[in-house]
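Asker: Could you build all of it, start to finish, from the sequences and the hints given here?
If you count the sequence shown from 1, position 86 lands on 86 in the numbering used here, and the numbers rise without skipping.
Calculated from the structure, these hints are not laboratory results.
Values in this document were obtained by computation on a predicted structure and should not be read as measured data.
It is possible that some hints are incorrect.
Computed spacing ranges between beta-carbons, pair by pair [stated by the list, open to error]: (1) Gln106 x Arg50: 43 to 49 Å; (2) Asp43 x Phe107: 41 to 47 Å; (3) Ser63 x Ala84: 17 to 23 Å; (4) Glu87 x Arg62: 47 to 53 Å; (5) Leu9 x Ala84: 21 to 27 Å; (6) Ser105 x Arg22: 27 to 33 Å; (7) Gly103 x Glu128: 39 to 45 Å; (8) Phe117 x Cys19: 56 to 62 Å; (9) Cys19 x Ser69: 54 to 60 Å; (10) Ser63 x Gly103: 31 to 37 Å; (11) Gln106 x His143: 36 to 42 Å; (12) Ser17 x Glu87: 48 to 54 Å; (13) Phe117 x Glu32: 40 to 46 Å; (14) Glu32 x Gln153: 50 to 56 Å.
Beta carbons: idealized from backbone N, C-alpha and C, even for Gly.
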Amino acid sequence: MSHGTPSGLAAMPAARSQCAPRFSGQDDEILEEFLQEYEDLADGNGLSERQKVETILRYVPRSLQKLWSMLPGYVNVRWHHFRAQLEELYPDIAGCTRCMCQGLSQFVELSLTDDDFHAEFFKGFHAENQDILADQVFNINPHHPANQPFDAQDVLSAAR
Numbered sequence: 001m002s003h004g005t006p007s008g009l010a011a012m013p014a015a016r017s018q019c020a021p022r023f024s025g026q027d028d029e030i031l032e033e034f035l036q037e038y039e040d041l042a043d044g045n046g047l048s049e050r051q052k053v054e055t056i057l058r059y060v061p062r063s064l065q066k067l068w069s070m071l072p073g074y075v076n077v078r079w080h081h082f083r084a085q086l087e088e089l090y091p092d093i094a095g096c097t098r099c100m101c102q103g104l105s106q107f108v109e110l111s112l113t114d115d116d117f118h119a120e121f122f123k124g125f126h127a128e129n130q131d132i133l134a135d136q137v138f139n140i141n142p143h144h145p146a147n148q149p150f151d152a153q154d155v156l157s158a159a160r
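Answerer: Written out as structure tokens, the structure reads:
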């Protein structure tokens, strides 16, 4: 009598096994990684389409089991349809967040500070006019710190 390696459902790891794929639905998890790991495991163990759909619920919390089992792909037992619905339900938030953080960092690096804005505004005037405007701004605001650019509003007032 020969005892071969188990296959099918018998070969799938128990829900609490360290070898089991897991998805809790937390923000830092990427569903696509879980689905790929699960599908590779299920295909490797020869699960049918029906078995893939029904067995995946072992590896998610009860709150998700209820939600997932109501999706049409689950009800109709169609793995690819079910997987596509799950991917729509859980967009890659981590990827989007990474892009947003990167974009925000770049925006901040490229943004002008108020001092930069005021300095650039003043530099927009011809050099001879800058000297005249500087004298006028000091007349308007004699306590203006010498190491800071003139406020654009003060420069406009001085120009009038």
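Asker: Taking the hints in turn, state whether each one holds.
Answerer: Here is what the structure says about each hint:
no.	hint	result
1	Gln106 x Arg50: 43 to 49 Å	holds (48 Å)
2	Asp43 x Phe107: 41 to 47 Å	holds (43 Å)
3	Ser63 x Ala84: 17 to 23 Å	holds (21 Å)
4	Glu87 x Arg62: 47 to 53 Å	violated (22 Å)
5	Leu9 x Ala84: 21 to 27 Å	holds (24 Å)
6	Ser105 x Arg22: 27 to 33 Å	holds (32 Å)
7	Gly103 x Glu128: 39 to 45 Å	holds (41 Å)
8	Phe117 x Cys19: 56 to 62 Å	holds (58 Å)
9	Cys19 x Ser69: 54 to 60 Å	violated (24 Å)
10	Ser63 x Gly103: 31 to 37 Å	holds (33 Å)
11	Gln106 x His143: 36 to 42 Å	holds (37 Å)
12	Ser17 x Glu87: 48 to 54 Å	violated (25 Å)
13	Phe117 x Glu32: 40 to 46 Å	holds (43 Å)
14	Glu32 x Gln153: 50 to 56 Å	holds (52 Å)
In this structure, the hints that do not hold are numbers 4, 9, 12, in rising order.
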